[in-house]
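Enquirer: Sequence lines, in order, name chains A and B.
Straight run, no breaks: the first sequence in this note's numbering ends on number 310.
Straight run, no breaks: the second sequence in this note's numbering ends on number 899.
It should be emphasised that the hints constitute simulated quantities derived from the structure, not laboratory data.
Incorrect hints may appear among the rest.
Rough simulated footprint, nothing fancy, chain A against chain B, three-plus residues with beta-carbon under 8 Å [claimed, not checked]: (1) 642 to 651; (2) 788 to 795; (3) 801 to 811; (4) 859 to 872; (5) 880 to 889.
Ideal placement from N, C-alpha and C gives every residue a C-beta, glycine not left out.
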Amino acid sequence: MKKIKCAIIGPGNIGTDLLYKLKRSQVLEPVWMVGVDPTSEGLARAREHGLKTTDKGVDGMLEHVKADGVQIAFDATSAYVHKENSDKLNKLGVMMIDLTPAAIGPYCVPPINLKEHAGKREMNVNMVTCGGQATIPMVYAVSRVQKVRYAEIIATVASKSVGPGTRKNIDEFTRTTSGAVAKIGGADEGKAIIVINPAEPPMIMRDTIHCLTVDAPKQKEIEESVRDMVAEVQKYVPGYRLVNGPVFDGNRVTSFMQVEGLGDFLPKYAGNLDIMTASATRTAEMFAEEILAGRLTLEAA
Amino acid sequence: MSLNLKGIQIKVHDMSLRDGMHPKRHQITIEQMKSIAQGLDQAGCPLIEVTHGDGLGGASVNYGFPAATDEEYLRAVIPLMKQAKVSALLLPGIGTVDHLKMAADCGVTTIRVATHCTEADVSEQHIALGRKMGLDTVGFLMMAHMIEPQQLIEQALLMESYGANCIYLTDSAGYMLPDDVTARIALARERLKPETEIGFHGHHNLSMGVANSIAAVAAGARRIDCACGGMGAGAGNTPMEVFVAVCNRMGIETGVDVFKISDVAEDLVTPIMDFPVRIDRNSLTLGYAGVYSSFLLFARRAEAKYGIPARELLLELGRQKMVGGQEDMIEDLALTLARERGLLKANAA
């Protein structure tokens, strides 16, 4: 079967985990890994897997994009360089899946709005944050049943799974996630809290999602909706698990999740990173399926 | 002991209107805040913290919605102060620099940026901004009993490098004994710049608040957190009136009037308590097992709702090495244990 060719920008932990996931895909084929450091272990590893690599950033790949048929690129670098990367590649008709917090394109949470984005032929979609991917589906699971006036998520992650970029700008996580909890989750107001736990052995990512409904919660419908949504997310993150809940307490509806990663390249406890690479892969696959079926043609933008 | 601390000047920092928000479920009214803050001001307390118990932006389902917003509290209290300054607490991951700017705009002179003791590097943007805005900027390392002094000081040095002019080593669980405090504060004093102040924040869960604070002063701390009437999370903080009395006896200068501050404790703080903030079997467990003091009320509520004893929940949370902020895991744990024991109705599982 024909596969859509992809490039990964950023050969760090996320980029490498993404590489492993793309290699398993039925519709995607990773062909380029882009970095900036010639001594990068990630680039060396990508070469071992048969990818072409450059240490000259996106510029080092641009002249090969057409010849190598690259149609989708993943940006796993930083918010600071994302726009430039995206502009350069969009010009060549390559669509961009943004794993940085730059969010210049619309937020994409696969089980909620991926179909819509593919239908609109978006050339840049943003994967929100790890906490967003892990929790927004559960907010939506309540808001699609009845009006949610306030949704709050608490994401607790292992210290070892939080990189220096996130640490330097933790407010970006808080702001981006709370914005998307409201906008994509479908709550009038959103709040996000992140807690970093250094316990050894490292704890598996935990997420708690509180929704305050306007009217008394329709318990049976919400329970059903939550279970359906968990099953939906499990299609691309098998370790996504409802540990407790939904709990009903007055107008509060609370779900307690655990997110265990697949352990492709990242350790299993880093479900927060895995859910990002898995969501990005899922997103690319949906676009690829559309392209392969002839329903979507990417054009230079 | 033959400590001679005579003539040492220290700054006491009141916690009753911030840490004291925990036992009040963040329901202290604006009027109560105003009257207590005025009492503290008149008693000579130089610095008073006013924020949601979990710091700026703490208003949430997870920690509790307060009776008024941080901004309303700050704007009500600050203009009334004759000599006292007002501080605000900020936990990165809960609050953001937007909250910090708001608090500065309200007139706080001190911002305290708090992280778990191993995670100082999430505080860089907040500490740097606080310093840039000219605020007295404090790095506040919580649950400092959980790591060895050497490791703790590495984190303190990070906060200092971001611009903190004062570093607190915080016994959030009320677990430390005086020797633990001495080891940590003395090493901080040795390794941090001479101009960087050192502070200690205690909890009274093992009744060590005053003794630990004196040990901290002896080892070089010059800022000590106390709560008037002891009103704080767990069994409360170091009771200010007691600490001031002890300081007077030892010749440590706080500038606070012992009788006036004990009147504030007796007449204004104690009457607003919803229950006696004291050492009972649950708050004792916090100190004994090294658990974050603010978990107390959550564990009690989980006991009432799910039938799992609070003490058992607290011990297990300690065993799992839960850190400050993980209040959500208390209900989660209670649900898990209740289900295992067949205490949950099938549809609630």
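Enquirer: Work down the list of hints and note, for each, if the structure agrees.
Expert: Hints and how they fare:
1. 642 to 651: It holds, with 6 qualifying residues against the three required.
2. 788 to 795: Since three or more residues must qualify, the claim that chain A covers the segment 788 to 795 of chain B is violated, with 0 doing so at under 8 Å.
3. 801 to 811: Violated, because only 0 residues of the segment 801 to 811 of chain B bring their Cβ atoms closer than 8 Å to Cβ atoms of chain A.
4. 859 to 872: holds (count 3)
5. 880 to 889: This one holds; 5 residues, not fewer than the three required, reach chain A with a Cβ under 8 Å.
Checked against the numbered hints given earlier, the structure breaks hints 2 and 3 and satisfies all the rest.
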